[in-house]
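All chains, please: the whole structure from these sequences, using the hints.
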Amino acid sequence: MKLSVHDLNSHYGPAHILFDIALEVGEGEVVALLGRNGAGKSTTFRSIVGLVAQRTGRIVFEGRDVSDAPTHAIVRSGLGYVPEERRIFTDLTVEENLEVGRQPVRPNTPHWTTEKLFALFPNLGEMRGRPGGRMSGGEQQMLTIARTLMGNPSLVLLDEPSEGLSPKIVEQMIEAILTVKKAGVSIVVSEQNLHFARLISDRAYIIERGRICFSGTMDELDARPDIRDAHLAL
Amino acid sequence: MAFYIVQFLTGLASAASLFLVASGLSIIFGVTRIVNFAHGAFYMLGAYVAFTLTEQFSGAIGFWGGIVVAAVIVALIGVLVEMVLLRRIYHAPELFQLLATFGLTLMVEDLVVLIWGPSDLLGRRAPGFRGAVDFFGQNIPSYDLFLIVLGPVVLGILWLLFQRTRWGVLVRAATQDRDMVAALGVNQKWLFTSVFAVGVFLAALGGALQIPRDAVNHALDLQIIVDVFVVVVIGGLGSIVGAFVAAVLVSELNAFGILIFPKISIILVFLVMAAVLIVRPWGLFGKQEAPARRTPGLTVNPWRPLTSGERLAAIAALALAAGLPLVGGNYALTVGSEIAIFVIFAVSLHFLMAVGGLASFGHAAYFGLGAYGVALLAKMAGLPMIVCLLLGPLLGCLGAAVFGVFAVQLSGVYFAMLTLAFAQIVWSIAFQWVAVTGGDNGILGVWPERWAASPSHFYWLSIGIAALAVIALRIIVFSPFGYALRATRDSPLRGEAIGIDGKRIQWTAFVIAGTVAGIAGALFAYLKGSVFPDSLGISLSVDALVMVLLGGVETVSGGVVGAIVYKALNIWLVSRTDLSKLVLGAFIVLIVVAFPKGIVGMLETIRNRRRPKLSKPASLTSRIETAE
Numbered sequence: 001m002k003l004s005v006h007d008l009n010s011h012y013g014p015a016h017i018l019f020d021i022a023l024e025v026g027e028g029e030v031v032a033l034l035g036r037n038g039a040g041k042s043t044t045f046r047s048i049v050g051l052v053a054q055r056t057g058r059i060v061f062e063g064r065d066v067s068d069a070p071t072h073a074i075v076r077s078g079l080g081y082v083p084e085e086r087r088i089f090t091d092l093t094v095e096e097n098l099e100v101g102r103q104p105v106r107p108n109t110p111h112w113t114t115e116k117l118f119a120l121f122p123n124l125g126e127m128r129g130r131p132g133g134r135m136s137g138g139e140q141q142m143l144t145i146a147r148t149l150m151g152n153p154s155l156v157l158l159d160e161p162s163e164g165l166s167p168k169i170v171e172q173m174i175e176a177i178l179t180v181k182k183a184g185v186s187i188v189v190s191e192q193n194l195h196f197a198r199l200i201s202d203r204a205y206i207i208e209r210g211r212i213c214f215s216g217t218m219d220e221l222d223a224r225p226d227i228r229d230a231h232l233a234l
Numbered sequence: 001m002a003f004y005i006v007q008f009l010t011g012l013a014s015a016a017s018l019f020l021v022a023s024g025l026s027i028i029f030g031v032t033r034i035v036n037f038a039h040g041a042f043y044m045l046g047a048y049v050a051f052t053l054t055e056q057f058s059g060a061i062g063f064w065g066g067i068v069v070a071a072v073i074v075a076l077i078g079v080l081v082e083m084v085l086l087r088r089i090y091h092a093p094e095l096f097q098l099l100a101t102f103g104l105t106l107m108v109e110d111l112v113v114l115i116w117g118p119s120d121l122l123g124r125r126a127p128g129f130r131g132a133v134d135f136f137g138q139n140i141p142s143y144d145l146f147l148i149v150l151g152p153v154v155l156g157i158l159w160l161l162f163q164r165t166r167w168g169v170l171v172r173a174a175t176q177d178r179d180m181v182a183a184l185g186v187n188q189k190w191l192f193t194s195v196f197a198v199g200v201f202l203a204a205l206g207g208a209l210q211i212p213r214d215a216v217n218h219a220l221d222l223q224i225i226v227d228v229f230v231v232v233v234i235g236g237l238g239s240i241v242g243a244f245v246a247a248v249l250v251s252e253l254n255a256f257g258i259l260i261f262p263k264i265s266i267i268l269v270f271l272v273m274a275a276v277l278i279v280r281p282w283g284l285f286g287k288q289e290a291p292a293r294r295t296p297g298l299t300v301n302p303w304r305p306l307t308s309g310e311r312l313a314a315i316a317a318l319a320l321a322a323g324l325p326l327v328g329g330n331y332a333l334t335v336g337s338e339i340a341i342f343v344i345f346a347v348s349l350h351f352l353m354a355v356g357g358l359a360s361f362g363h364a365a366y367f368g369l370g371a372y373g374v375a376l377l378a379k380m381a382g383l384p385m386i387v388c389l390l391l392g393p394l395l396g397c398l399g400a401a402v403f404g405v406f407a408v409q410l411s412g413v414y415f416a417m418l419t420l421a422f423a424q425i426v427w428s429i430a431f432q433w434v435a436v437t438g439g440d441n442g443i444l445g446v447w448p449e450r451w452a453a454s455p456s457h458f459y460w461l462s463i464g465i466a467a468l469a470v471i472a473l474r475i476i477v478f479s480p481f482g483y484a485l486r487a488t489r490d491s492p493l494r495g496e497a498i499g500i501d502g503k504r505i506q507w508t509a510f511v512i513a514g515t516v517a518g519i520a521g522a523l524f525a526y527l528k529g530s531v532f533p534d535s536l537g538i539s540l541s542v543d544a545l546v547m548v549l550l551g552g553v554e555t556v557s558g559g560v561v562g563a564i565v566y567k568a569l570n571i572w573l574v575s576r577t578d579l580s581k582l583v584l585g586a587f588i589v590l591i592v593v594a595f596p597k598g599i600v601g602m603l604e605t606i607r608n609r610r611r612p613k614l615s616k617p618a619s620l621t622s623r624i625e626t627a628e
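These protein sequence lines are chains A and V, in that order. Taking the numbering used here, the leading residue of the first sequence gets 1, the next gets one more, and so forth. Taking the numbering used here, the leading residue of the second sequence gets 1, the next gets one more, and so forth.
Think of the hints as simulated: they come from the structure by calculation, not from any bench. Here a beta-carbon is modelled for each residue, glycine too, at the ideal position from N, C-alpha and C.
Derived list of chain A stretches under chain V, where covered just means 3 residues or more per stretch with a C-beta under 8 angstroms from a C-beta of chain V:
hint, stretch
1, 66–77
2, 88–100
Short derived list, chain A residues pointing at chain V, Cβ under 7 angstroms:
hint, residue
3, Tyr81
4, Gln103
5, Gly151
What follows is the structure, encoded as structure tokens:
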């Protein structure tokens, strides 16, 4: 297993958000985490990388227990995280944004350079010196993904990459994600858009009100329209 | 003409050190969000260490080596401070961070005297820059020319550091979004430590470079920090270019202000600062911050008026206090009066901080204005005491009304820095306007009239007024005005959305707090029989802050307890040790790190834990109004 999460429980202040979340991701696999707005997708990701202070449970990444590791150590061990709100550094140029994400090469994981990433996202290559604040939403989304890949991760948590993007950009995004997958990077992608998820994922989990309520292959999900209709807004 | 050019060049030379210190403060604030009050102390340490190195080790490392090594040594001390102290309080409210670093400043002041002695030290001239350059008949020290060149050179080096190195990119990224930098695998801890080291290095270098120009003494820290606060408020906190431009501006204003208003040149700086704040509240090169972190709010223990039982207890305590003349001698009564006066002062600041969410670092200004008001009325106009007591505090009220207009434009650390600068300006006026205020000699002979002259009568007067002040402020807290003020504190935007004019409400609270502080000052003038500029000084402002913090900033009347405990402790401490600043500073740091809720806050927490919810919840909830 690349990543396995057991009994993950998270709180924000007095509010209990996640209940006994269990997830598994295999080597080179793309897994979708599906659910409505507010179901707990982002909190799950934030909890895995240690950005939620109050959480319990066990997170094992590449055989190592990282439950108690600080965020930067988890990320450095090869678990990349692309946040939902993009959070690019608006004062920094495209190249500087990538520089923040740069980490040393890791054995057995694909090595990304700015040139490779500009080939993956040609738009970015045309605006290397532009400050992040003066980019479109789609360009910013590409930049966040590229920035995380600069850390040469072996697994990426991708939080709602298609949110708010035009269909044309979504197509580019799908192509890019498939390229990353082909390079051997495992991906967990959270999505509300089932169509988008189906094009890139091998398996899916559905999360609802902080609980995992379905787990299976995409075909198994298609065989259960009741579950799909109950938990996903289409 | 040549004279003005020389004056201009002198101003530029002074700007160099100011820029170094201010840019260090800005860099540290940008990443850690801490306004490092101890920056002045590091500046001073830089000067002292450089003095020792250039005097005693100049054979080994030379003068310039001594300057650089001094800055490195102080930077290492800074690293130690960051790792031991600041790492514990990065998530504390900004007020606590300011206070902790202020405590550090106090400790350094005493330590410096312990190590280097109390007298001024005159440093060496810099080799190669001993002479002066003739400029159309005017002399310019060649060292000044060196400093004039150095400023832009350092600015350039910093620019390269931030634009062209990976470290600089990480620092700029962290200035914008610390968590995201961590989520990209960067260890924030070491980034923060390195940033702090660079900032302290700049401050210490600024201090070390001053030794050929000025004598080194143990009051340098407060002098420079006030100037630096003015610089970063004008230039914009977090901007290095802003620090440079504002440092030049302030230094030139000082250089030429002396020609125009020889005694009170600081007024010119103040006028410019006020103008900048009106046009650009975040400074010339600053950016508007996202709404600041909430000041210590009260989510755990909602406020409520006293129950009838608690009221009886308060009255009993007051009656007990009123009985002091039966058992205590004159000394005890004088101490008692002083404590009562400080209760008034502390509750006025507590009102501003806890209810208004505005942490003033210059509250002594209004205390001192009240005291000077009384002294001037009594000595110059010869008015009777009761009239003086009624009119004197109006000077505090007036001062608060004027400064408040500017202060409430800002919030958080900007507010704290601005109020501190205001207080320092009032202090310099009192210090320098000798004709009216007597300057350092103060105004003497302000004695109470016969009806209040005996210690017991004055004591009763003091606790009577203290009780009235506490009651009046409590009534305000639970009045519609108090609700509006708390709404503005907790969420200015939501307050505006329901029709509360937040700035006006905050201004009113500022004036109320200033007036009450003025009342305390008025009584203080009569208690001491004199007024000195100390009554406006920073240390008095900080005393008040510590009292509030000690009492608990999340409480309604914690200031009362804080004032009694702190003042009693302080009077006892000063009588026992010469190192009162060292002990006091350590005490402040300890409170911030270990007891951030204060005495009353801690008692309330303990009581709430002991008494679970089952006890009469219905009757309680009807009275409780939550803060959110």
